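2 protein chains.
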Amino acid sequence: MNKSDKRSNQSSKSFTLAGLKFATCCSRTKYENRDDLLLIVLDPGSHICACFTTSTMPSAPVIWSKKNVRKKQNANQKLVLLVNAGIANAFTGKQGLIACENKVLALSSLFQCDINNIFLSSTGVIGEQLPYHNIIKHFDFLRNELSSSGLEAASNAILTTDLKPKTYTKKFKIDNKIFSISAIAKGSGMIMPNMATMLAFIFTDFAIDKKTLSLMTKKGVQESFNRISVDGDTSTSDSVFVATTNKKCLELTKDRKEKALDIFYNELKGAMIDLAKKIVMDGEGATKFIAVRVKNAKDINRARRICFSIANSILVKTAIAGEDANWGRLIMAIGKTQIKLEITKIKIYLQNFLLCKNGQGVEVVDELLLSKALKKRNIDILVDLAEGDEEFIVWTSDLTEEYIKINADYRS
Amino acid sequence: MNKSDKRSNQSSKSFTLAGLKFATCCSRTKYENRDDLLLIVLDPGSHICACFTTSTMPSAPVIWSKKNVRKKQNANQKLVLLVNAGIANAFTGKQGLIACENKVLALSSLFQCDINNIFLSSTGVIGEQLPYHNIIKHFDFLRNELSSSGLEAASNAILTTDLKPKTYTKKFKIDNKIFSISAIAKGSGMIMPNMATMLAFIFTDFAIDKKTLSLMTKKGVQESFNRISVDGDTSTSDSVFVATTNKKCLELTKDRKEKALDIFYNELKGAMIDLAKKIVMDGEGATKFIAVRVKNAKDINRARRICFSIANSILVKTAIAGEDANWGRLIMAIGKTQIKLEITKIKIYLQNFLLCKNGQGVEVVDELLLSKALKKRNIDILVDLAEGDEEFIVWTSDLTEEYIKINADYRS
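Taken in sequence, the protein lines are chains L and H. Under the numbering used here, residue 1075 is the last one in the first sequence; the count climbs by one each step, no gaps. Under the numbering used here, residue 1075 is the last one in the second sequence; the count climbs by one each step, no gaps.
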């Protein structure tokens, strides 16, 4: 058992996970004074799963990794993940694919593993070619730097416009055995195409077969990263990787195994939700963290569509930024989904204040109290459709002048 | 023949159209020092058609007018249109419908016409009850003020956050007979739900049956108002009314009549496109007028979806505001539609500069020239899909800090 497993509230700086190592360096492909290249190596016997952007213009590393993750990895060899920040290698044509190929070949020869065991991820400017020679020449150095306590350095090396690094570490018990999850993410918006893709890398030592982990990864992403939105835009590079080193096994009966898997899934989902919220909280120019919840819907799709219509409405976002209880904009956002609703049944709450019911506004008893509640950083919007049992939640941020400043002049 | 018909380049101030009269006043329901109530009266024998918001939360006047326009109007009586600015009478429940009913009854008794001949339109804050008594008490005054040269005053009385009134007047010839179109519109965004709905009222003296005019209205709206977007939000109150006084008839053979109808439709469409563009140009905080065109698409739906994805992308809008040739954001916006495309066939042009083809960026020969072109007020984005013959165009504006300022603190 790894030494660090004995402590449970340690910082991400010293958190380690058996069979997982990181190394970072400054490749000078885009940034000058910070690390922007991250190498992650997992011991033989590890499994890796992933979800990718739904964009029909995926970046070259997404094309590579998406194809690769479906293939069988060689279990007797290491798994290698390479991430660079600054250039997304997206919409770079054949040259972009050649860049990937060369990185993969160099890594496969360095770590003596099949190319199926190599995964790539990039974030940054779209359309710029990646000077891959500059990256490959650092591989030897990175291999020598590999360390199991590199989580914090790793979380910094993948950032672009993010204000803060995003890490998650947790130990959890199943059947008196202690397991670990450690993870890093980047993103300063659900997606900004330019230097602000969403990436997440989540690791565990909990032994689990690839198929089950893959199903859990897809389900977890649905319940976390697919419930956030900063600006409604979708990157060409979004990637979520989940890997296990399989270092810690549980020998359980079938019944207890299912329960153990449930516990693990909840831990995995917890990590994903935590990182998803951290991305929203670090949204460009954001001053508010907004939870939009639609409950008592006929089906989850109606709830989801209404949640996103509210969360992506520029006018809702600006009203929240202005700390204005402008519930008319919520009505607008619900109405524009074109979902047929029984208007008189709907109740809308802002910060737990009931603002409308019976198809019209409600006199708020204490306007001052509501106004005070809107000054908080965390904002809760709740729409009760009173038509069924389903609910959905979306996390988003407000839209401020700062966002415009950041994005009106980014590329240059 | 009306005197004004002899002049062709007269200002909207003195433009008149036979059978059409306006009157305005300040009702003090919301604004203090400006007219906010508009009465429009058309001579007996007129036809009226309309298109309304697709929102499932339509305002009370939309509910009234939508139902009414489908009914048969009494041809021996006047048609009456009442518009108020400041309060939208949306999401106001039963009380909102009662407000409409009372206004309709008062107008129907004043002008001695069926209630089917009365149409209503409101724009302004959602959720506030309309103090309709304050409105009704001005009806007598308005009737006495009715004047055929009130177009400009009318265009001012319907504004909310608009910076400029929007009018359109034109005379056109068919078979050596002169016809007129005059119109007013308001809107400072495709839609802003709060005080910035899109309304348009278009009038002509060209005699045409209601059914044909109705078809033309729907088709024209598709090709104009449904091709603009400022913020992608949809109001609860959007309304476009098209009415003819039927004062000027053409006696033509069937063949020549069809040609005449074509000419008239093009004139009607021209008026709609002009007003639609004026609304975009007056978009809140807008500094740029952006035309997004997708050509050579397999079908018009693909072209339309890509156009709107680009036009509604916050990141595209901020890049244009920043005069930044950030074509990566166009790639992002195309990709997020999830429409499958042959990436290597796509060409993207900004201000007629080819920025990418063959699935990657193109070296721009003269960056300085491109940079200069981006400083212009009119911005052209062209995406050539090279997969078919269909095309679509959407007009939009950029997104600036000023927009956030306007909308972050609006209701109060």
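Calculated directly from the structure, the hints in this document are not laboratory data. This structure is a prediction, so every number in the text was calculated from the model and none was measured. The C-beta atom is built at its ideal place from N, Cα and C for all residues, glycine as well. Among the hints, erroneous ones may be present.
Stated by the list, open to error - Covered stretches of chain H (in silico footprint by chain L; criterion: 3 or more residues with CB under 8 Å from a CB of chain L, positions within the stretch not fixed):
1) 704-714
2) 770-782
3) 908-914
To be verified - Estimated spans, in silico, between C-beta atoms of each pair:
4) Leu878(L) / Asn929(H): 52 to 62 Å
5) Ser1034(L) / Lys730(H): 32 to 42 Å
6) Asn929(H) / Lys961(L): 13 to 23 Å
7) Glu1026(H) / Arg806(L): 52 to 62 Å
8) Glu1026(H) / Cys689(L): 23 to 33 Å
9) Leu1032(H) / Leu773(L): 16 to 26 Å
10) Arg806(L) / Glu1030(H): 36 to 46 Å
11) Asn696(L) / Lys1038(H): 31 to 41 Å
12) Ile761(H) / Glu1005(L): 30 to 40 Å
13) Glu1005(L) / Ile778(H): 19 to 29 Å
14) Lys1038(H) / Gln758(L): 25 to 35 Å
15) Glu1026(H) / Leu1032(L): 53 to 63 Å
Claimed, not checked - Below 27 Å or equal to it, Euclidean Cα-Cα: the simulated BS3-like pairs (lysine-lysine) are:
16) Lys940(H) / Lys827(H)
17) Lys917(H) / Lys873(H)
18) Lys958(H) / Lys757(L)
19) Lys734(H) / Lys1003(L)
20) Lys735(H) / Lys730(L)
21) Lys757(H) / Lys1068(L)
22) Lys873(H) / Lys827(H)
23) Lys757(H) / Lys958(L)
Structure-based check of each hint:
1. Under the rule that three or more residues need a Cβ within less than 8 Å of chain L, the assignment of the stretch 704-714 of chain H is violated, with 0 such residues.
2. With a threshold of 8 Å between beta carbons, the proposed coverage of the stretch 770-782 of chain H by chain L is violated, since 0 of its residues qualify and at least three are required.
3. Given a C-beta distance limit of less than 8 Å, the hint that chain L covers the stretch 908-914 of chain H is violated, as 0 residues qualify and 3 are needed.
4. Range check, leucine 878(L) to asparagine 929(H): about 58 Å between beta-carbon atoms, so the 52 to 62 Å window is met.
5. Between serine 1034(L) and lysine 730(H) the CB atoms are about 39 Å apart, so this pair conforms to the stated range of 32 to 42 Å.
6. Range check, asparagine 929(H) to lysine 961(L): about 45 Å between beta-carbon atoms, so the 13 to 23 Å window is missed.
7. Roughly 36 Å separates the CB atoms of glutamate 1026(H) and arginine 806(L), a value that falls outside the hinted 52 to 62 Å.
8. Between glutamate 1026(H) and cysteine 689(L) the CB atoms are about 28 Å apart, so this pair conforms to the stated range of 23 to 33 Å.
9. Hint check: leucine 1032(H) to leucine 773(L), Cβ distance near 46 Å, so the stated range 16 to 26 Å is violated.
10. Take arginine 806(L) and glutamate 1030(H): their Cβ atoms lie about 40 Å apart, and the range 36 to 46 Å holds.
11. Range check, asparagine 696(L) to lysine 1038(H): about 33 Å between beta-carbon atoms, so the 31 to 41 Å window is met.
12. A beta carbon spacing of about 20 Å between isoleucine 761(H) and glutamate 1005(L) contradicts the range 30 to 40 Å that was offered as a hint.
13. Range check, glutamate 1005(L) to isoleucine 778(H): about 27 Å between beta-carbon atoms, so the 19 to 29 Å window is met.
14. Distance hint for lysine 1038(H) and glutamine 758(L): a CB-CB separation of about 31 Å, consistent with the stated range 25 to 35 Å.
15. At about 60 Å, the CB distance of glutamate 1026(H) to leucine 1032(L) agrees with the hint of 53 to 63 Å.
16. With a CA separation close to 13 Å, the supplied pair lysine 940(H) and lysine 827(H) stays within the 27 Å bound.
17. Taking the CA atoms of lysine 917(H) and lysine 873(H), the gap is near 18 Å; set against the 27 Å cutoff, the hint holds.
18. Proposed proximity of lysine 958(H) and lysine 757(L) is supported: the alpha carbons are some 25 Å apart, at most 27 Å.
19. At most 27 Å may separate the alpha-carbon atoms for a hinted pair to count; lysine 734(H) and lysine 1003(L) meet this at roughly 24 Å.
20. A hinted pair counts as satisfied when its Cα atoms are at most 27 Å apart, and lysine 735(H) with lysine 730(L) does not qualify at roughly 62 Å.
21. Taken as a hint, the lysine 757(H) and lysine 1068(L) pair is broken in the structure, with Cα atoms around 44 Å apart against an allowance of 27 Å.
22. Taking the CA atoms of lysine 873(H) and lysine 827(H), the gap is about 32 Å. The hint is violated against a cut of 27 Å.
23. The straight-line distance between the Cα atoms of lysine 757(H) and lysine 958(L) is roughly 25 Å, inside the 27 Å bound, and the hint therefore holds.
Against the hints set out earlier in the document, violations occur for numbers 1, 2, 3, 6, 7, 9, 12, 20, 21 and 22.
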